[in-house]
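Q: Here are the chains, one letter per residue:
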Amino acid sequence: TQLLEQSPQFLSIQEGENLTVYCNSSSVFSSLQWYRQEPGEGPVLLVTVVTGGEVKKLKRLTFQFGDARKDSSLHITAAQPGDTGLYLCAGPTMGQNFVFGPGTRLSVLP
Amino acid sequence: EAQVTQNPRYLITVTGKKLTVTCSQNMNHEYMSWYRQDPGLGLRQIYYSMNVEVTDKGDVPEGYKVSRKEKRNFPLILESPSPNQTSLYFCASSLSPPRGLAAYTQYFGPGTRLTVL
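First to last, the protein sequences are chains C and S.
Under my numbering, the first sequence has 107 at position 98, and the numbering climbs by one with no breaks.
Under my numbering, the second sequence has 19 at position 35, and the numbering climbs by one with no breaks.
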């Protein structure tokens, strides 16, 4: 079974700080996705990374896919209260289904 | 507007009373899924469907049924709900199943909060 772990589980920081959250597995994934979920809503896709070593930037968010395609990170620069939410990584399994990590709950205080 | 809709949004029921949660998408997507979300466990896939009349079990299928008679609809059925099925449920759809290096964007509905007493 392909599993995804995320760390930290919870993160509370002040506005303007930088942070990194991690998504790890002992299995190789063909691609990984990052979603953000806000209270009372479904997850929304932020990015898909498909190539080992790939780095993608989305404004203040930087996503990296590990060379071995077993891990990924999300770095946020100068966090803002609007970044508050649950960050989930997800990947397709060897079958035709998806597995999600447990998530990192981020709180950015003004 | 492209969207995934679920109904109802909130449901409180009692053990053993059959219920159905509906899911509909208007994007002509092939792939649809049901997930449950529990604190500390993230999203776990219950069932998925790669096309009409094609469904398969996810990681936690026990106690659930699904059907895919039309491309746009993918209802989740709990024949005899139990308290351990109290959870937040999400339906999702994507253009196609994950194939090779392609993992298409999954679009999620707003969620259904189910409480089984």
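Hints are computed from structural coordinates only; laboratory data are not their basis.
Check the hints yourself; a few may be wrong.
[Stated by the list, open to error] To spell it out: a stretch of chain C is covered by chain S in this simulated footprint if at least three of its residues, at any positions, have a beta carbon under 8 Å from a beta carbon of chain S; those stretches are: (1) 45 to 53; (2) 106 to 113.
[Claimed, not checked] Residues from chain S that keep clear of chain C, each with C-beta distances beyond 12 Å, as calculated: (3) -2; (4) 8; (5) 36; (6) 41; (7) 42; (8) 94.
Think of the CB as a built atom: it goes at the ideal place given N, C-alpha and C, for glycine as much as any other residue.
Q: If a hint holds in the structure, say so; if it does not, say that too.
A: Checked hints:
1. For the region 45 to 53 of chain C, the stated coverage by chain S is satisfied: 5 residues place a CB nearer than 8 Å to a CB of that chain, which reaches the threshold of 3.
2. Under the rule that three or more residues need a Cβ within less than 8 Å of chain S, the assignment of the region 106 to 113 of chain C holds, with 7 such residues.
3. With 12 Å as the threshold on Cβ separation, the claim that residue -2 of chain S sits away from chain C holds: the shortest Cβ distance comes to roughly 25 Å.
4. For residue 8 of chain S, the requirement that its beta carbon stay farther than 12 Å from each beta carbon of chain C is met, with the minimum near 14 Å.
5. Distance check on residue 36 of chain S: its Cβ is at least 15 Å (rounded) from any Cβ of chain C, clearing the 12 Å threshold; non-interface status holds.
6. With a cut of 12 Å on Cβ distances, residue 41 of chain S falls inside the contact zone with chain C, its closest approach being about 9 Å.
7. For residue 42 of chain S, the shortest C-beta to C-beta distance to chain C comes to about 5 Å, within the 12 Å cut-off, and the non-interface label is violated.
8. Distance check on residue 94 of chain S: its Cβ comes as close as 6 Å (rounded) to a Cβ of chain C, failing to clear the 12 Å threshold; non-interface status is violated.
Violated hints for the displayed structure, listed by number in ascending order: 6, 7, 8.
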